[in-house]
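Peer 1: Listed below, chain by chain, are the residues.
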Amino acid sequence: MAGPLLSLAGVHTHIGRYHILQGVDLAVEDGGVTVLLGRNGAGKTTTLRTVMGLWKPSAGSVVFAGRPIGGAPTPDIARAGIAYVPESMGIFADLTVEENMVLAARDGPPDAGRLDWIFSVFPALRTFWHHRAGVLSGGQKQMLSIARAVIEPRRLILVDEPTKGIAPAIIESMIRAFLELKATGTTILLVEQNVRFAGAVGDRVAVMDDGRVVHTGSMRELVADAALQARLLGLSLEASH
Amino acid sequence: MSLLSGDLPRSRILSLLLLAVLVGLAFAPFLFGGAQPINTAAKVCVFILLVASYDLLIGYSGIVSFAHTMFFGIGGYGVGLALYYGTATWPVALGGLAAALVTGVLLAFAIGLFSLRVRALFYAMITLAVASAFAVLASQLSAFTGGEDGRSFRVPDALRPGTKFLDAPLFGVDVNGRLLAYYIVFLTVLALFLLLLRIVNSPFGRVLQAIRENEFRAEALGYRVVRYRVAANCIAAALAVVAGGLNALWLRYTGPDTTLSFTIMMDILLMVVIGGMGTLYGSVLGATLFVVAQNYLQKLMGSAAQALEATPLLARLVDPDRWLLWLGVLFVLSVYFFPTGIVGRLRSGRQAR
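These protein sequence lines are chains A and B, in that order.
Adding 166 to a residue's 1-based position in the first sequence gives its number in this note's numbering.
Numbering follows this note's numbering, in which position 317 of the second sequence is assigned residue number 303; successive positions increment by one, without gaps.
It is possible that part of the hints are untrue.
Using C-beta positions, here's what the derived DEER-type ranges look like [to be verified]:
1. A:G189 / B:F317: 57 to 67 Å
2. A:G182 / B:K285: 56 to 66 Å
3. A:P275 / B:K285: 52 to 62 Å
4. B:T249 / A:A259: 32 to 42 Å
5. A:G304 / B:Q284: 49 to 59 Å
6. B:F248 / A:R272: 39 to 49 Å
Cut-off 25 Å, straight-line C-alpha distance, at most; resulting in silico cross-link-like pairs (DMTMM-like, lysine to aspartate or glutamate) [unchecked claim]:
7. A:K330 / A:D369
8. A:K348 / A:D369
9. A:K222 / B:E199
10. A:K222 / B:D253
11. B:K285 / B:D307
12. A:K330 / B:D307
13. A:K348 / A:E338
14. A:K330 / B:E201
15. A:K330 / A:D277
16. B:K285 / B:D253
17. A:K222 / A:E253
18. A:K222 / A:E265
Because the hints were derived from the structure by calculation, they are not lab data.
Note that CB positions come from ideal geometry on N, CA and C, so glycine has one too.
Kindly produce the complete structure, drawing on both the sequences and the hints.
Peer 2: Now the structure itself:
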């Protein structure tokens, strides 16, 4: 396919009287993991929410797979093939793990083969299959939230800080899940502060500051260039490790 | 299992209580003699349907509406006025019910479409306003509706007390039109309750629960929230209309006090809360407990007051005239000790073990 899978051009988003996104230009190539970096308040989460239609852009265009989706209703965007894993995880606590997954599969029961794959990556979900999702631990909830996004093949997955407050042991299995997911050809746009995680799964990187994208390039380049890190992020990937 | 749509009571005490209610209602005319028990049983049936349909809104979908009695009233007036102005035949009664169903569902659709986009509190206010307007309309159009007095009407022949189906009483009970009327109420409610159980345990019901928990997540998964809410609104309204129709048919009367009054709305709310929100079994227990208490607490207190005649202060406290006070105390206590309702309490007790 010609052109990027998702492209944002000059996107502005206001939340109330705050002008959060101030002309975001971002192209997410088909396949691979694009990591969105930047300090707190730079507009990373707002970018994801704007793509998902949870905030409406006040100017600019959002194009997904050649189709403009800026300002479209969220359910339409979801059905166009974008899944969203918010930072809050947003699991349905009163429903069982199974019911959460069935809802995410939307039409009919989840595909058995895909479910087996999910269980192999996140075994806890099999253990708690018939339990209320509310009783899961934080890490398990995060697994459920990610599993929900990948229960059906989606073209693009937006993931907001999946490692926040998660135990290191679980981060390892998440890295594995993301690498396997990447191997299936799914495109991922990831907001991440955990540099080790970002470095392990990311192919490309976009750095945001003050509501704009200020740098794009390959992840490898950024990891190798300490001066660039210091300039863009005010930190060293090595030091924070 | 499949009759209950896989949604089992999941607690032994709860199963026993539900079974007791089912058996009690199924054989009420034979178990208890006299008019009051059978009237109470019919009212319990009607309120089980009314409260269960309200729970679809408040418990499963998280929609707070104060217009549920309006739909109850539409059902009551639909059947009542059709029989009052028309001939006392089945086609007229069913025609009245059908007209009420169409009116109720259209109204629910319109209210839902125009106002389910707003916040929960505003939605509640809008439904309150519409319901009040409807109640005022029903009492002001007195030439048509009978105003505050309502309308008494003739029911089809088969439902009249004078109609005898058997010459001899069966197990000491006259097999007459009233008995048939009771079983029409009971079986309709039973069938619709099972249907409702199926609805809340269907994929559609799961989406409603998901929306209740996290509207934005449900949207991000690809579900159009407003569409589901409007559908829930229409289903709940339709069932309330049927409940109203059955109520009118049983009472052979329709009027503001038996259908539209805000007191009934409060009663429904209390029944849902006492039984347990978000579980249809809760509406069965809530409605049964409430209606029975309403009808028998006064009597119970009357005999207690007689027994305590010698002790002046206590006798005054349990004076039958004060039954509402004690009903209130019972509610406060039940909400205090069972914040998740009776069903919630019974089910969590099972999990704790």
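Peer 1: Does each hint fit the structure? Answer for all of them.
Peer 2: Here is how each hint holds up against the structure:
1. The beta-carbon spacing between G189 (chain A) and F317 (chain B), approximately 58 Å, falls within the hinted interval of 57 to 67 Å.
2. The hinted range of 56 to 66 Å is satisfied by G182 (chain A) and K285 (chain B), whose Cβ atoms lie roughly 59 Å apart.
3. For the pair P275 (chain A) and K285 (chain B), the beta carbons lie near 53 Å from each other, so the given range of 52 to 62 Å is met.
4. Range check, T249 (chain B) to A259 (chain A): Cβ separation about 35 Å, and the 32 to 42 Å hint holds.
5. At roughly 53 Å, the beta carbons of G304 (chain A) and Q284 (chain B) sit within the given window of 49 to 59 Å.
6. In this structure the supplied range 39 to 49 Å holds for F248 (chain B) paired with R272 (chain A), their Cβ-Cβ distance being about 41 Å.
7. The suggested pairing of K330 (chain A) with D369 (chain A) holds, with an alpha-carbon distance near 20 Å, which does not exceed 25 Å.
8. For the proposed pair K348 (chain A) and D369 (chain A), the alpha carbon gap of about 10 Å is at most 25 Å, so the pair holds.
9. Our distance criterion of 25 Å between C-alpha atoms is met by K222 (chain A) and E199 (chain B), whose separation comes to about 23 Å.
10. Distance hint between K222 (chain A) and D253 (chain B) is unfulfilled; the C-alpha atoms sit about 42 Å from each other, more than 25 Å.
11. Of the pairs offered as hints, the one joining K285 (chain B) and D307 (chain B) holds, with about 10 Å between alpha carbons and a cut-off of 25 Å not exceeded.
12. Straight-line distance between C-alpha atoms of K330 (chain A) and D307 (chain B) comes to about 62 Å, which puts the hinted pair past the 25 Å bound.
13. Of the pairs offered as hints, the one joining K348 (chain A) and E338 (chain A) holds, with about 15 Å between alpha carbons and a cut-off of 25 Å not exceeded.
14. Of the supplied pair hints, the one linking K330 (chain A) and E201 (chain B) holds, its CA atoms being roughly 23 Å apart against a limit of 25 Å.
15. For the hint linking K330 (chain A) to D277 (chain A), the alpha-carbon distance of about 29 Å lies beyond 25 Å, and the restraint is violated.
16. Our distance criterion of 25 Å between C-alpha atoms is met by K285 (chain B) and D253 (chain B), whose separation comes to about 20 Å.
17. The suggested pairing of K222 (chain A) with E253 (chain A) holds, with an alpha-carbon distance near 19 Å, which does not exceed 25 Å.
18. A distance of roughly 30 Å separates the Cα atoms of K222 (chain A) and E265 (chain A); the hinted pair therefore is violated under the 25 Å criterion.
Hints 10, 12, 15, 18 from the list above are not met by this structure, while the remaining hints are.
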